[in-house]
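Need the complex rebuilt from these two chains, each delivered in its own frame; the hints are there to steer you.
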Amino acid sequence: MTAVTVDGVWKFYGDYPALRDVRLDADAGACLALIGRNGAGKTTLLRTIAGFSKPGKGAIRIFGQEPRETETRRNIGVIGHGIAVYDELSAYENLTLYARLYGLADPRRAALEWLEQTGLERVRDGLVREFSRGMRQRLAVARAFLHNPSVLLLDEPFTALDDRAIAVLQRLLREALANGKTVIMSTHQLREALELSTHVALLNRGAVAFHGACTAEMVADPGWVYARYGD
Amino acid sequence: MAVANETPVAAGKGAAAERRRSSFARLVFVILAKDLRAELRTKEAVNASLAFAVVILVLFNFAFDLDDPATRMIVGGLLWLVFAFAGTLVLNRSFARELPNDCLDALVAAPVSGAALFLGKALANYVLVLAVELVSLPVFGIFYNVWFPFGQMLIVLSLGTWGITVIGTVFSALTVNIRLREVMLPMLTYPMLVPALMAAMVMTADLAAGTSIWNQMTWLKVLVGFDVLYTAAALALVETVLVG
Numbered sequence: 571m572t573a574v575t576v577d578g579v580w581k582f583y584g585d586y587p588a589l590r591d592v593r594l595d596a597d598a599g600a601c602l603a604l605i606g607r608n609g610a611g612k613t614t615l616l617r618t619i620a621g622f623s624k625p626g627k628g629a630i631r632i633f634g635q636e637p638r639e640t641e642t643r644r645n646i647g648v649i650g651h652g653i654a655v656y657d658e659l660s661a662y663e664n665l666t667l668y669a670r671l672y673g674l675a676d677p678r679r680a681a682l683e684w685l686e687q688t689g690l691e692r693v694r695d696g697l698v699r700e701f702s703r704g705m706r707q708r709l710a711v712a713r714a715f716l717h718n719p720s721v722l723l724l725d726e727p728f729t730a731l732d733d734r735a736i737a738v739l740q741r742l743l744r745e746a747l748a749n750g751k752t753v754i755m756s757t758h759q760l761r762e763a764l765e766l767s768t769h770v771a772l773l774n775r776g777a778v779a780f781h782g783a784c785t786a787e788m789v790a791d792p793g794w795v796y797a798r799y800g801d
Numbered sequence: 008m009a010v011a012n013e014t015p016v017a018a019g020k021g022a023a024a025e026r027r028r029s030s031f032a033r034l035v036f037v038i039l040a041k042d043l044r045a046e047l048r049t050k051e052a053v054n055a056s057l058a059f060a061v062v063i064l065v066l067f068n069f070a071f072d073l074d075d076p077a078t079r080m081i082v083g084g085l086l087w088l089v090f091a092f093a094g095t096l097v098l099n100r101s102f103a104r105e106l107p108n109d110c111l112d113a114l115v116a117a118p119v120s121g122a123a124l125f126l127g128k129a130l131a132n133y134v135l136v137l138a139v140e141l142v143s144l145p146v147f148g149i150f151y152n153v154w155f156p157f158g159q160m161l162i163v164l165s166l167g168t169w170g171i172t173v174i175g176t177v178f179s180a181l182t183v184n185i186r187l188r189e190v191m192l193p194m195l196t197y198p199m200l201v202p203a204l205m206a207a208m209v210m211t212a213d214l215a216a217g218t219s220i221w222n223q224m225t226w227l228k229v230l231v232g233f234d235v236l237y238t239a240a241a242l243a244l245v246e247t248v249l250v251g
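Protein sequence lines correspond, in order, to chains A and B.
Position 135 of the first sequence, counting from 1, maps to 705 under my numbering, and the rest follow consecutively.
Position 100 of the second sequence, counting from 1, maps to 107 under my numbering, and the rest follow consecutively.
Next up, chain B with everything else stripped away, as it sits in the complex (with noise of 0.2 angstroms):
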């Protein structure tokens, strides 16, 4: 404990051994665990996710006609729009979990760095979304016939679901203290979203005809930079959104 007559900031700066439990991982998993916790006492946004998921999917089966070839060569794109519009149920969730009592302002008043919460909120969104992902895919291998390669389908579903909640949970904070937050995230996430499922959508696509996904490198890269880049800008940018 600080005394009186020293200065609490330069008390402080002398804990060498607390802040390095306050290490920025350490915060990361906090949150992480925090989050997951909340989600799995309650289930608000993974049942509501889930149930849309799979009602989408058996009205799609309804839709389209399986036994024509041209159908085939949609289901990237039905699949990723399932997923990207699940999705959003959770990521909408992820900040406005921290409105009731007014936890925000709880959360930025503690020594936690913006990026560490908000990579400890999009690692948790991303487990929840990979989560119905995960459960929706055998549904949508039952109803439409197609199987993918396990290894391969997890790497596209890793990195497409990666873009998905890095640009959900910067918006999800962006538009927190908003009303209209549950229409405002899906219009301002989509439009940015777009080259992210437009890789997503092809190779799944690819994976469905038997086609492998290396042989879409020019995919794969966009992918891959559109995680690396929008990871970057969310962390650079959030303590902005958060503090202004």
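Next up, chain A with everything else stripped away, as it sits in the complex (with noise of 0.2 angstroms):
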């Protein structure tokens, strides 16, 4: 089953064209990795799947659906370049707050759960403000993951990350496809990135220059795909 269509995406800041043309498709249980060099329209793309714009042509679609459409929303989890969490309000209450906003039955009870998945129940109650940047970023993985969400979307998730984080959300990701969900990651790491990845992509000045399956050869050398598909 098809979780996400990208079809024929173009998407314009003023003149320039970002995003040209883009067709992608991401199965569930599949974890497409986005792969190009800055300025490639990762982001942009994630950003536009996530719902956050609206592309200038072309149509999204997640489990056939709007990425807008509030059921559709409910089905999502977004990591971006930042943690999304609030820095005066404590970790418990940031997970609450989210848990509450997506419906969840108890948000409570969630809340604590994922406090636990990520190693931060003993500072549950501490003002985000005071976490290491190693403790921001877990929050930003518990928020993401708290409502179970069908597809994942994650704008380079491992940078900046440490040792301990890296494990975790690595370990989230596999629980994550083990359980049919879908990932779309951009990243630069590409080592960490493709031991996950079931499809890469790899865009070049908003245009997909390579989509296809991460083959053994691609995982023994992350620079393949650059060296053969780029510029």
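Since the hints were derived computationally from the structure, they do not count as laboratory data.
Model, not experiment: these values are computed from the prediction.
Heads up, none of these hints are tricks.
Which bits of chain B does chain A cover? Going by a derived footprint, with three or more residues having C-beta under 8 angstroms, they are:
1) 41–49
2) 99–111
3) 114–125
The beta carbon of each residue, even a glycine, is placed where N, CA and C say it ideally should be.
Right, here's the structure in full:
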């Protein structure tokens, strides 16, 4: 079953086409790594899939629905460049806030469960502004996974993570994939990403230069796709 | 949890109980509570707004001859100018509060309608601006020796403040990603507020002169109409403002 379909998407910033006729899809249970140089359009594509902005042309479907449909948003988890948690609230308050926004049956229990999953239960009442960078990143991971989304959109999720946070994220992503979730992640950390990926898409100046299955030679040599299909 | 071979969207549609919990009113309250809690922790906007209001009231006290009957006629204008300027300091923070850590993205990504998000934020702003006004009002009364009938003044305050809040919250959302948002917000807000401020000023001056607001039904209708019209417009447009 196709989870995410990107069908001929163009996105313009003024006259500049940040995305040019992008066509991609990801099945349920697949992990698609979006790779490409800085400015290739990875973040723009992820933001458009997440429904933060509308494509100039083309369409995006998540399980056949528009990304901005309320029920679709309930099924998407996003980790962007920012951690998207409030500095002036505690870790527990942040997670219960998002649990309530997503309409979870028991927000308190969900928050406690994810604080434990990410190793933050001891600092549950600490204000986020007092957290170290690694703790903040783990809280961001908990926030994105909290509502058990079917599609995870991750924008450079391994950047600036400490070892523990990388291990937590990799474990959670493996579990999510094993449970049939779909993961689309943009990344420059090819080694970590390709270990998890089933598919790879290389973006070059807003267009798809390569889209296919992740092969053993890609995992063995993460630069292989760039060398073969890049500029 | 949706199983792998079932469309998660379809599974989500079946979760009627969870949807009920996410009802519109509940989401409005969640946003309202979050904004109030965050503001009460930092007190950034309220402290600035209150300090500004008190300082301006003190300066007006020195600038105008309080024994002059003409001054009595402009107390409504003085008071609402202070409220409008002080209110902008609160409103400027409304969506700007979401910028650190890209929290606005997470709110836009959540299954919360733009209308619920807007109404939650507008109500939080309303509480904060009204609190600043209710603290400023006795200060105004002491300096100017003007006392208002509380019930009627509360009606004018409630309606006038909602007008300021609705317009300010919409433009706070519209200007949130603009570099000069602190400048742009008042520039966009004040011209739109003219009818509401005129109505509130006239009724407040009448109250100071001992006249009932019920003798100013036209201005009262203007104020109510302004609030209803702009609230409806804001609720209809906010999704476009947030996502484009």
